[in-house]
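Peer 1: Here are the chains, one letter per residue:
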Amino acid sequence: MRNFISLKDVENVQELVNEGIRQKKAPFAEQALGKNKTIGLIFFNQSLRTRLSTQKAAENLGMNVMIMNVGQDSWQLEMEDGVIMNGDKAEHVKEAAAVIGSYCNIIAVRAFAGLQDRAADYREIVMEKFRQYAGVPIVNLESATRHPCQSLADLITIEECKKVERPKVVLTWLPHFKPLPQAVANSFCEWVNQTDYEFVITHPQGYELAPEFAGNAPIIYDQNEALKGADFVYGKNWSSYTSYGQVLTQDPSWMITQEKMALTNNGLFMHCLPVRRNLKVTDWVLDNQSVVIQQAANRQWSAQAVLKHILKEL
Amino acid sequence: MRNFISLKDVENVQELVNEGIRQKKAPFAEQALGKNKTIGLIFFNQSLRTRLSTQKAAENLGMNVMIMNVGQDSWQLEMEDGVIMNGDKAEHVKEAAAVIGSYCNIIAVRAFAGLQDRAADYREIVMEKFRQYAGVPIVNLESATRHPCQSLADLITIEECKKVERPKVVLTWLPHFKPLPQAVANSFCEWVNQTDYEFVITHPQGYELAPEFAGNAPIIYDQNEALKGADFVYGKNWSSYTSYGQVLTQDPSWMITQEKMALTNNGLFMHCLPVRRNLKVTDWVLDNQSVVIQQAANRQWSAQAVLKHILKEL
Amino acid sequence: MRNFISLKDVENVQELVNEGIRQKKAPFAEQALGKNKTIGLIFFNQSLRTRLSTQKAAENLGMNVMIMNVGQDSWQLEMEDGVIMNGDKAEHVKEAAAVIGSYCNIIAVRAFAGLQDRAADYREIVMEKFRQYAGVPIVNLESATRHPCQSLADLITIEECKKVERPKVVLTWLPHFKPLPQAVANSFCEWVNQTDYEFVITHPQGYELAPEFAGNAPIIYDQNEALKGADFVYGKNWSSYTSYGQVLTQDPSWMITQEKMALTNNGLFMHCLPVRRNLKVTDWVLDNQSVVIQQAANRQWSAQAVLKHILKEL
Numbered sequence: 045m046r047n048f049i050s051l052k053d054v055e056n057v058q059e060l061v062n063e064g065i066r067q068k069k070a071p072f073a074e075q076a077l078g079k080n081k082t083i084g085l086i087f088f089n090q091s092l093r094t095r096l097s098t099q100k101a102a103e104n105l106g107m108n109v110m111i112m113n114v115g116q117d118s119w120q121l122e123m124e125d126g127v128i129m130n131g132d133k134a135e136h137v138k139e140a141a142a143v144i145g146s147y148c149n150i151i152a153v154r155a156f157a158g159l160q161d162r163a164a165d166y167r168e169i170v171m172e173k174f175r176q177y178a179g180v181p182i183v184n185l186e187s188a189t190r191h192p193c194q195s196l197a198d199l200i201t202i203e204e205c206k207k208v209e210r211p212k213v214v215l216t217w218l219p220h221f222k223p224l225p226q227a228v229a230n231s232f233c234e235w236v237n238q239t240d241y242e243f244v245i246t247h248p249q250g251y252e253l254a255p256e257f258a259g260n261a262p263i264i265y266d267q268n269e270a271l272k273g274a275d276f277v278y279g280k281n282w283s284s285y286t287s288y289g290q291v292l293t294q295d296p297s298w299m300i301t302q303e304k305m306a307l308t309n310n311g312l313f314m315h316c317l318p319v320r321r322n323l324k325v326t327d328w329v330l331d332n333q334s335v336v337i338q339q340a341a342n343r344q345w346s347a348q349a350v351l352k353h354i355l356k357e358l
Numbered sequence: 045m046r047n048f049i050s051l052k053d054v055e056n057v058q059e060l061v062n063e064g065i066r067q068k069k070a071p072f073a074e075q076a077l078g079k080n081k082t083i084g085l086i087f088f089n090q091s092l093r094t095r096l097s098t099q100k101a102a103e104n105l106g107m108n109v110m111i112m113n114v115g116q117d118s119w120q121l122e123m124e125d126g127v128i129m130n131g132d133k134a135e136h137v138k139e140a141a142a143v144i145g146s147y148c149n150i151i152a153v154r155a156f157a158g159l160q161d162r163a164a165d166y167r168e169i170v171m172e173k174f175r176q177y178a179g180v181p182i183v184n185l186e187s188a189t190r191h192p193c194q195s196l197a198d199l200i201t202i203e204e205c206k207k208v209e210r211p212k213v214v215l216t217w218l219p220h221f222k223p224l225p226q227a228v229a230n231s232f233c234e235w236v237n238q239t240d241y242e243f244v245i246t247h248p249q250g251y252e253l254a255p256e257f258a259g260n261a262p263i264i265y266d267q268n269e270a271l272k273g274a275d276f277v278y279g280k281n282w283s284s285y286t287s288y289g290q291v292l293t294q295d296p297s298w299m300i301t302q303e304k305m306a307l308t309n310n311g312l313f314m315h316c317l318p319v320r321r322n323l324k325v326t327d328w329v330l331d332n333q334s335v336v337i338q339q340a341a342n343r344q345w346s347a348q349a350v351l352k353h354i355l356k357e358l
Numbered sequence: 045m046r047n048f049i050s051l052k053d054v055e056n057v058q059e060l061v062n063e064g065i066r067q068k069k070a071p072f073a074e075q076a077l078g079k080n081k082t083i084g085l086i087f088f089n090q091s092l093r094t095r096l097s098t099q100k101a102a103e104n105l106g107m108n109v110m111i112m113n114v115g116q117d118s119w120q121l122e123m124e125d126g127v128i129m130n131g132d133k134a135e136h137v138k139e140a141a142a143v144i145g146s147y148c149n150i151i152a153v154r155a156f157a158g159l160q161d162r163a164a165d166y167r168e169i170v171m172e173k174f175r176q177y178a179g180v181p182i183v184n185l186e187s188a189t190r191h192p193c194q195s196l197a198d199l200i201t202i203e204e205c206k207k208v209e210r211p212k213v214v215l216t217w218l219p220h221f222k223p224l225p226q227a228v229a230n231s232f233c234e235w236v237n238q239t240d241y242e243f244v245i246t247h248p249q250g251y252e253l254a255p256e257f258a259g260n261a262p263i264i265y266d267q268n269e270a271l272k273g274a275d276f277v278y279g280k281n282w283s284s285y286t287s288y289g290q291v292l293t294q295d296p297s298w299m300i301t302q303e304k305m306a307l308t309n310n311g312l313f314m315h316c317l318p319v320r321r322n323l324k325v326t327d328w329v330l331d332n333q334s335v336v337i338q339q340a341a342n343r344q345w346s347a348q349a350v351l352k353h354i355l356k357e358l
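Chains as they are written, first to last, in my numbering: chain X, 45 to 358; chain E, 45 to 358; chain H, 45 to 358.
Honestly, I wouldn't trust all of these hints.
Same chains, same names: a pair is fine if it fits in one copy or spans any two.
[Claimed, not checked] The list that follows gives simulated cross-link-like pairs (lysine to any residue, SDA-like), each with its CA atoms no further than 20 Å apart:
{"#": "1", "residue 1": "K81", "residue 2": "G106"}
{"#": "2", "residue 1": "K69", "residue 2": "N149"}
{"#": "3", "residue 1": "K222", "residue 2": "Q120"}
{"#": "4", "residue 1": "K222", "residue 2": "D161"}
{"#": "5", "residue 1": "K81", "residue 2": "P71"}
{"#": "6", "residue 1": "K356", "residue 2": "A306"}
{"#": "7", "residue 1": "K133", "residue 2": "A258"}
It should be emphasised that the hints constitute simulated quantities derived from the structure, not laboratory data.
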C-alpha cells in the first residue's frame, strides 16, 4: 500500500481487517519493520484517540514519531496555488509538505472540513496537496470528507462482535447543536458498502450524505423503523451536505436511548468518540449496551495494520 | 504499587526514598523493565519539571512516552456524571480515561485545583475518575490537593542533605499576589508527618491547612520564632483553605531573606519551583543557601522510583 | 565542540560541513553515540523545520528527545536579573535552565528577537543565560541575532550545488509587510564571510546589517547590478538594524522574479523558509530555479553534524 487516504488506496479490505486482528494478538512482533523509520503526525485540528493510537501503533512497529500541531507548534499553511501570500499564512504547503517529507518516511495528516465551501472540502485539498508534494506515503487521520482509520477500526470491531454472519448495521444521525463534518459518516458508508452486511441509513430529511458515499444503502427517515432488528447501531451527528454545513434540526427525539435500543436485536451501540452524553446518546446506552471503548481501542490495531502495510512497501 | 495518587498508595515510604537514591546512582540499569510499555502523560495544566522529569524517568526505564495537553492537543473533558453535555466539553472522562488506558500501561495526570469549590477540589474528582475508569495504574503529577512526586523528591533531598539524624523542618507560607493551590503544602505535610523529623508549620492566621494534611504538626504564627534552629526551610505560597481560594494577605515581611535565614541552624531553603524571586524569597537566599536545583533534579529519581515500583507489578 | 551558539564555537567550519555531508550518506551509523543521552528542545517561538530536523537528527544519533514550548507547555520565563517577579513570568531562567540541564545532556533553544530593544536583542540574553546556568552544552535553534544551524545547512547546500570552485553568492533583501529579525541574514553573512566565495550583499538604503556580521562584504544598493553573474541568490527579508525593527519600505520591485534570475549565471535561489510566495519571490522561481527544499532537507544533516560533534565531547 502506498498511501492510506481513502478506501480507494486499499487493495483488499478483508485482509486489512485481518491484519488489524493479527496485530492485536502480537503487537510487538514486527518491530524490525519500523527500525530507523520515522512517521510525522501533522495536526491541523485537535485529537485524542487518533493522536495516541497512531503514535502507539507506530512505536509498536519500532518507528520514531514526530508530532506537530500546525499553527501552534508551527505557522499556518497556505493551501491555494498562485496566491500572493500577504495574509496570516506564512508558509505554502508546497514547501511544508516537501520539507516534512524530507525528514519523514510516512506523513499522517489530520485536517477537518471547513464546512464553508463544499466544493473545496470535497476536493480534499489538504490531503491532495500532501500526496502531491510530500514525496512519501500519506495517511489520512481524518480529512474533510473521510476518516478511514476510524472506519477500519469500526469494521474490526464489528467482525469481533458480530453474532451472525451478515449483521444488520444501522447508521443513525444524532442531534447536536454544532455543525460537524460528514467525514466519519461518509467513510463508514464507504467501507460498509463494500461488505455484505445489511446496511441501512437513517436521518432527518435534509441530512442526505453525498451520493458517492451513501451509495445504494436504503435511507429510512423513520429512525424507529430503521432500528428494528439492528445488530449494530452506529451513531453520529453530521451537518447537512445539501444545505452545506448547516444545522437543520436538533430534534432530541433522535437521541439514542434504552427505549430505542429495545427496538434492536439486542444491538450494540457504536460511536467514533468523542460523544456528548445525554445529548446524542444516554448514559444508560453507553454504560450498558455499547462497544465504544473496544472500538476506540481498536484504533491502535487499525493504525498498526495500515502502517505495517505501508512500511512493507517502503 | 498499583497507583501513586497519594501517600496512601505507598506501602513503605523509606523504601521508596531509598529506591530513588538507588535509581540516581544507576539510571539505566533497569531498561528491560519498561520495554514495550507506554506511559501517557496527560496535562490539564502547564508544567516544566514534572513534564520533563517524568518523561526522562520513563525513558530511563525503557518506556515509550506519549504526552497530551488536554484542551489544546485534545478537547476539554467533562468530569461530572449524569449531565447533559451541551457545553464546551466534548468528551466525558469515562470514555477518555478508558480509551487512554487502552493505549497506555500507566497514565500520569496533572490537574490543578479550580479553587472555586472546596468540596469538589478535595474530592479529587479528576484523579478518582481516572482511577475508576482507566483500568491501568494512575500516577498523580499534581492534583487538586496533592503533589506526591514532589513530596518524594523533597524527602530524597532532605535525606541527601541532612546533617543530623532528626533535622528540624519548617514549612513556611510565602507571600504572593495570586491565589495558588494548597497541593504542594498539603502533600509535604502528609509525607513529612510520617517521618520522625521535627516538623513545624508557620503561616499567617487564616492560612491553616486542612486538618487531614496538617495533622499534629505545631503551627507557629510568628515566622521568626518558627525559623529558629531550622535545618530546612521549605517555602511555599498557598491560598486560604478556610476562606477557600482567597488571598488574605500579601504581607511582604513573610518573604524569606538573608536575615530570616540567619535565624536558622545554617538551614537550607527548599521550594518546589517555579519560584518568584524577590517576591517569595530573595536572590541572595536562592543563590547562596538553597537546594532548589538539587530538589528539582531529584524529581527525575522520584519519578523513576515510582514508575519502577509500578512497572514491577504490572 | 562544547556549545553551538555562534560561529565562534566552531573550530573548523569546513570539517563541520564535511561532517554534515558524511551524516547524510550514513544517517544511522553512529547510534551508539547518543544512547541514553537526552536532548531538550526548548521553543520560545514557533518552528517547523528546526523542530522536526533537530528531533530527527538527534534520534538518528540514538538520542532521546524532549520538547517543550515555553509559555504553552510551561510558564513564561523571566530573563532579567534582580527584578521583583510580580508580573506574568512565573519562573526565572536561572532556575529553569539549571533544572532542564539536570534532565538533559544537551539543550537546544529557539528564542527570536523581540525587535523592540536592539541592545537587549544583540546581547543575546536568552542564549547567554542558558549557557551560563544550564551546565550542559547549548545549541542555538535561532536566537535574536543568529541562526547557525541554518547557516551550516546553507553552506552544505552551496557545497553540494556549486559548479565553480569560488561561486558568486548574493544575499538579497526581499520585501515583506511585517518586521522580521535579522538573525538569518546576520548568520549567513557571518558564515559566508569566512569562506572564499565571492560574496555581495544587496538591500535598500537603511537596511544595512550590523557591521560585526556584514564584515567587509561589498554592499550594492542596485539589486539588478548585484545579481549579475550570481551562482546563488540567497533571499531574505529583515527589518532595519539602524532604525531598529522598522519596516522602511515594502518596495515590490525587490521581489525575486524570473526576470531577475535571468540576470544571474543560471543561479539558484535559496531561502531558509518559510517563504511567502509571490510576495518575496514568485512561484516560477521557487518551482523552477531554486534549491529551497534541498536546503531545508540539509537542516537534518547540519543538526546531526552539530550534535555528533557535541556528543563526542560529552
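Peer 1: Compare the structure with each hint and give your call.
Peer 2: Okay, the hints, checked on the actual structure:
no.: 1; hint: K81 x G106; result: both (8 Å within a copy, 13 Å between copies)
no.: 2; hint: K69 x N149; result: between (26 Å within a copy, 16 Å between copies)
no.: 3; hint: K222 x Q120; result: between (24 Å within a copy, 16 Å between copies)
no.: 4; hint: K222 x D161; result: within (17 Å within a copy, 30 Å between copies)
no.: 5; hint: K81 x P71; result: both (17 Å within a copy, 11 Å between copies)
no.: 6; hint: K356 x A306; result: neither (46 Å within a copy, 45 Å between copies)
no.: 7; hint: K133 x A258; result: neither (35 Å within a copy, 30 Å between copies)
Hint compliance for this structure: hints 6, 7 are not met, and every other hint is.
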